[in-house]
Amino acid sequence: MVQKQRQDAAINALRMIPTKWAVIIVVAIIGYVLLQPQVNKWFGWSLPSVASLVGDEKPTSKTKQEKPNSVEKTSTPKSDSKQSQAAVEKKSDQDDSRSKTPTAQPRVSDQQVGAEPPSEKFHGILVEIGRNRFESPAGLVYGPGSEEGHRLKHIERHLEDQPKRPGLHGVFDGDMHAFLVAIDDAYSRAKSGGKGTKKIPDQGSTIYEASFAKPIGFLGGQEGGRKRQPPLKKLRVVVRGNSVITAFPFQ
Amino acid sequence: MNSQDSKIIYVESCPICGDGLCRVRICVSNQMVTGFILCDECEAMWTDPFMQERIPTISEETEPQCPNCEQSIWGKNTHWANIGEVCLLGWFDRVQMVDE
Numbered sequence: 001m002v003q004k005q006r007q008d009a010a011i012n013a014l015r016m017i018p019t020k021w022a023v024i025i026v027v028a029i030i031g032y033v034l035l036q037p038q039v040n041k042w043f044g045w046s047l048p049s050v051a052s053l054v055g056d057e058k059p060t061s062k063t064k065q066e067k068p069n070s071v072e073k074t075s076t077p078k079s080d081s082k083q084s085q086a087a088v089e090k091k092s093d094q095d096d097s098r099s100k101t102p103t104a105q106p107r108v109s110d111q112q113v114g115a116e117p118p119s120e121k122f123h124g125i126l127v128e129i130g131r132n133r134f135e136s137p138a139g140l141v142y143g144p145g146s147e148e149g150h151r152l153k154h155i156e157r158h159l160e161d162q163p164k165r166p167g168l169h170g171v172f173d174g175d176m177h178a179f180l181v182a183i184d185d186a187y188s189r190a191k192s193g194g195k196g197t198k199k200i201p202d203q204g205s206t207i208y209e210a211s212f213a214k215p216i217g218f219l220g221g222q223e224g225g226r227k228r229q230p231p232l233k234k235l236r237v238v239v240r241g242n243s244v245i246t247a248f249p250f251q
Numbered sequence: 001m002n003s004q005d006s007k008i009i010y011v012e013s014c015p016i017c018g019d020g021l022c023r024v025r026i027c028v029s030n031q032m033v034t035g036f037i038l039c040d041e042c043e044a045m046w047t048d049p050f051m052q053e054r055i056p057t058i059s060e061e062t063e064p065q066c067p068n069c070e071q072s073i074w075g076k077n078t079h080w081a082n083i084g085e086v087c088l089l090g091w092f093d094r095v096q097m098v099d100e
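Each protein sequence line maps, in turn, to chains Y and A.
For the first sequence, the residue numbers in the working numbering are 1 to 251.
For the second sequence, the residue numbers in the working numbering are 1 to 100.
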């Protein structure tokens, strides 16, 4: 409505000035329309487009959108595309209402072209089978329990050393995904009585042990520190039924 | 925060799993305080710090329970013992302490 009134006002203003001046103004406008993008590009200026001056588009949003697009074209590695996507999303958060319009969404999804679709599995390996309960491919279940509140949180403690902790503290050398894969591997081999494995029934629980060809972690804790953190090649998995109680590398 | 809270009070390393610490766990239920020894890694349980008598897990399907009230050992009524509670249980001579 306001835009219509502006256009009418502009037309009325043009009618009031002599024809010669009207022609000059129109030519100047056409020249500006044609040269504005080039001038911005050559001199790094941010002259507003005619559309933005009229009110169809906000000038700042266009210049902001151009940067992510240039990153998108040059970024081929997966990590780079993720970064550029994150950059676009961050921009979108900071940007004005234009970025929240549906037209901005395809730009974000364009960044995902070539990237793997997000995995639906927790830690890339676990499937949710119930409320806060996750199952691994080998059939191990990670659910609520332990001091940390969840078994996954509990075994996560073995991804880092605890130098002040008395005694031994097996530390897995890798991320959570790799740790869960190793636990599954050890459990599967030990359950089927594979070479270099042990299965020790305990009161209400079972302890599975399996050796690996290469070190999977190191010995931490106070005792590990005293021994200069020797590498560990074995993994111990304590389960109750098929529910994991704990798992850690050991000597 | 009490300075005692930042200390780990334990009896010894767990003879079952080798990685855990056998610590004094307290369960307060129906105005009764129950103390027992619990491995913070594999959840093996003993009746006292002499660690001669195991507290068996009822079944593979259930979590370890307090031997007195049969609630979960990780329930809201439970916590790691502080020095005062260890003394009240008469177990002070059997434990070691280290900063957490």
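FYI, nobody ran anything at the bench for these hints, they're computed from the structure.
Hints should not be assumed to be uniformly reliable.
With a cut-off of at most 16 Å between alpha-carbon atoms, the simulated EDC-like pairs for lysine to aspartate or glutamate come out as follows [said to hold, decoys possible]: (1) K164(Y) to D99(A); (2) K76(A) to E148(Y); (3) K76(A) to E147(Y); (4) K164(Y) to E85(A).
A few chain Y residues that don't get close to chain A, going by computed Cβ distances all over 12 Å [said to hold, decoys possible]: (5) I25; (6) Q38; (7) H123; (8) R131; (9) P144; (10) D185; (11) I207; (12) E223; (13) Q229; (14) K233; (15) I245.
Part of the chain A face toward chain Y, derived, beta carbon under 8 Å [what the hints assert, rightly or not]: (16) D19; (17) D40; (18) D48; (19) Q52; (20) E53; (21) R54; (22) E85.
Even glycine gets a Cβ: it sits at the ideal position worked out from N, Cα and C.
Check the non-interface label on I25(Y): least C-beta distance to chain A beyond 12 Å or not.
holds (75 Å)
Please confirm whether R131(Y) is truly not at the interface, meaning its C-beta sits more than 12 Å away from all C-beta atoms of chain A.
Its Cβ never comes within 12 Å of chain A, the nearest being 16 Å, so this holds.
Verify this label for me: D185(Y) is non-interface relative to chain A, using a Cβ-Cβ cutoff of 12 Å.
Given that every Cβ of chain A is farther than 12 Å from that of D185(Y), nearest at about 19 Å, it holds.
Take the C-alpha atoms of K76(A) and E147(Y), compute the straight-line distance between them, and say whether it is at most 16 Å.
holds (11 Å)
For the hint on Q52(A), does the least C-beta distance to chain Y fall short of 8 Å?
Constraint on Q52(A) not satisfied, violated at 14 Å.
Could you check if D40(A) really has its C-beta closer than 8 Å to a C-beta on chain Y?
Holds, about 6 Å.
Taking the minimum C-beta separation from K233(Y) to chain A, is that value above 12 Å?
Answer for K233(Y): holds, closest chain A Cβ roughly 15 Å.
Reported absence of E223(Y) from the contact zone with chain A (all CB gaps over 12 Å)
violated (8 Å)
With d taken as the least Cβ-Cβ distance between I207(Y) and chain A, does d exceed 12 Å?
violated (7 Å)
Does P144(Y) clear chain A by more than 12 Å, comparing its Cβ with all Cβ atoms of that chain?
Violated, since 9 Å does not exceed 12 Å.
Need the status of pair K164(Y), D99(A): alpha-carbon distance at most 16 Å?
Holds: K164(Y) and D99(A) sit about 7 Å apart, inside 16 Å.
Keeping to a limit of 16 Å between CA atoms, is the pair of K76(A) and E148(Y) held or broken?
Holds: K76(A) and E148(Y) sit about 13 Å apart, inside 16 Å.
Hints 4, 9, 11, 12, 15, 18, 19, 20, 22, counting from the list given before, are not met by this structure.
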